[in-house]
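Required output: the full structure, derived from the provided sequences and hints.
If you want the building blocks of each chain, they are given just below.
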Amino acid sequence: MAHDTHPAPSTVYHPAPAGMDIKVAARDLSVRYSGELALDRVRIDMPDRAVTACIGPSGCGKSTFLRCINRMNDTIDTARVTGSISIDGEEINDRSIDPVLLRARVGMVFQKPNPFPKTIFENVAYGPRIHGLAANKDELAGIVETSLTKAGLWKEVADRLHQPGTSLSGGQQQRLVIARAIAVNPEVILMDEPCSALDPIATARIEELIDELRENYALIIVTHSMAQAARVSQMTAFFHLGALVEYGPTEEIFTNPRDQRTQDYITGRFG
Amino acid sequence: MTNQVKAPHIVKAFSEELEQLSADVAAMGGLAESLVSDALEAAATRDGDLAADVVARDVQVDAMQRDIEKKIIRLLALRHPIAQDLRVCIAALKIVTDLERVGDLAKSIARRVPTLNDSEPTAFAASVDRMGKLVLSHLHEVLDAYATGETARAVAVWERDDDVDEHYNALFRELVRAMGNDPSMIGPGAHLLFIAKNLERIGDHATNVAEVIHYLVTGRELASERPRGPRPELSS
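Each protein sequence line maps, in turn, to chains H and U. Positions 1 to 271 (our numbering) are the ones given, in order, by the first sequence. Positions 1 to 236 (our numbering) are the ones given, in order, by the second sequence.
Hints in this document: simulated from the structure, not taken from any laboratory. Any given hint might turn out to be false.
As the list claims (entries may be wrong) - Cβ-Cβ distance ranges computed for the label pairs, FRET-style: (1) Asp-163/U with Ser-58/H: 32 to 42 Å; (2) His-80/U with Asp-94/H: 52 to 62 Å; (3) Asp-28/H with Asp-144/U: 32 to 42 Å.
Stated by the list, open to error - Partner residues aside, some chain U positions facing chain H, computed with beta carbon under 8 Å: (4) His-80; (5) Ile-82; (6) Asp-85; (7) Leu-93.
As the list claims (entries may be wrong) - Beyond 12 Å from chain H on every Cβ pair, some chain U residues (computed): (8) Ala-56; (9) Glu-69; (10) Arg-74; (11) Arg-79; (12) Gln-84; (13) Asp-129; (14) Leu-136; (15) Ala-156.
Since the structure is predicted, the reported quantities are computational estimates derived from the model, not experimental observations. Even for Gly, the Cβ is constructed at its ideal location relative to N, Cα and C.
Below, the structure written as structure tokens:
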């Protein structure tokens, strides 16, 4: 392999918090698009019931990394993923793992809210229905209500469940999409720039929601907002040119980064 | 002025504001140091005019502190500094507080000069002056360390503060003994004691600044509490 000819990128690892429960782990994880190296031998352990922020300049590999965790790179013909990625120690970068089932365990929220062109109710009910999570209509309605409540949206939509999801505001749509992800009982929730299309109030609601969700899920969030990474995450991973440069508790990364590239990037000095 | 901010910020105005902040703190340090130096000079040469000048110039130190604090608040509110930039701001905020106190203590020394001039010179004045020169050298050294970002120099001062404490303790005992032996020493002796105490406090502020410089440069607190000798005024 091409990358084997040059040494693996070195990563600064800060000591992990004591008793950290590892949910998602990557070893030697590399991704190529048409042979071009986009992610180079990443090794990382990400905690359960916590938020891990992935930061770095555009093209650094952070979104590519995120897409490995629910095998989204499978949908790209030219992408080739090598190395290991595991959830609870179970290898998921393996042909024997059904990506559809995997994506029920690993939910994803994108930059622009993408509700289905269906009612609010159907947006949330769709996943539980196809995965057979509800035995009857009442149970399904219960899952929809619980999910919307957890997403902090129930009060706003309880009396308009049969209106189109697209009739909601941007921030509400984003919470609807989060409710849709929660509805199938995921273990991990991936978020790729979930607030970049939202105003500060809607952003604050999503950040508050992220903080609540971390009681039950492992969240991994890609963000371009340093302030957001600092506000919502417990761990921060800094990527640059396809390499994981520095990883550790958010407080450490933001007060005392060790690698000059991390320092330059988070303080706005990157040339 | 300083090498604390390495690569320039993409937003040039931000870099300039941080550099200006460090330069302002260094200038305030220079002024506070000159007040201490002039207060000592006034005491040593029994120069009442110079002492009055020190008292008048302390107002400038206070004004600089307010001005720098305003700039820091503005930087925090508008630029949201993090990592080394945040440390530059927090370090400046802490250092100006110490420097403002240094100015006050220099003023307090200067205020005693006219009273001391009303009595005969004592042999202890030279000893107080020696202690003053030692404290002044510590202050000068930490301010240099701030300007150059040399944390090793700052830590060296931090470790040397014992010298000041020992000087003060010896002076304290000698002055108390002299005042006991000769009632005419009580007046000037009391003033010299207060001056020595003020110098000792200035030394403490210099070590505080040294601690802040270490944090500013390394991002870590100095490992342990600096060992302190016994306090003579508590034991005698």
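Need the list of violated hint numbers for this structure, in ascending order. 1, 2, 3, 7, 11, 12
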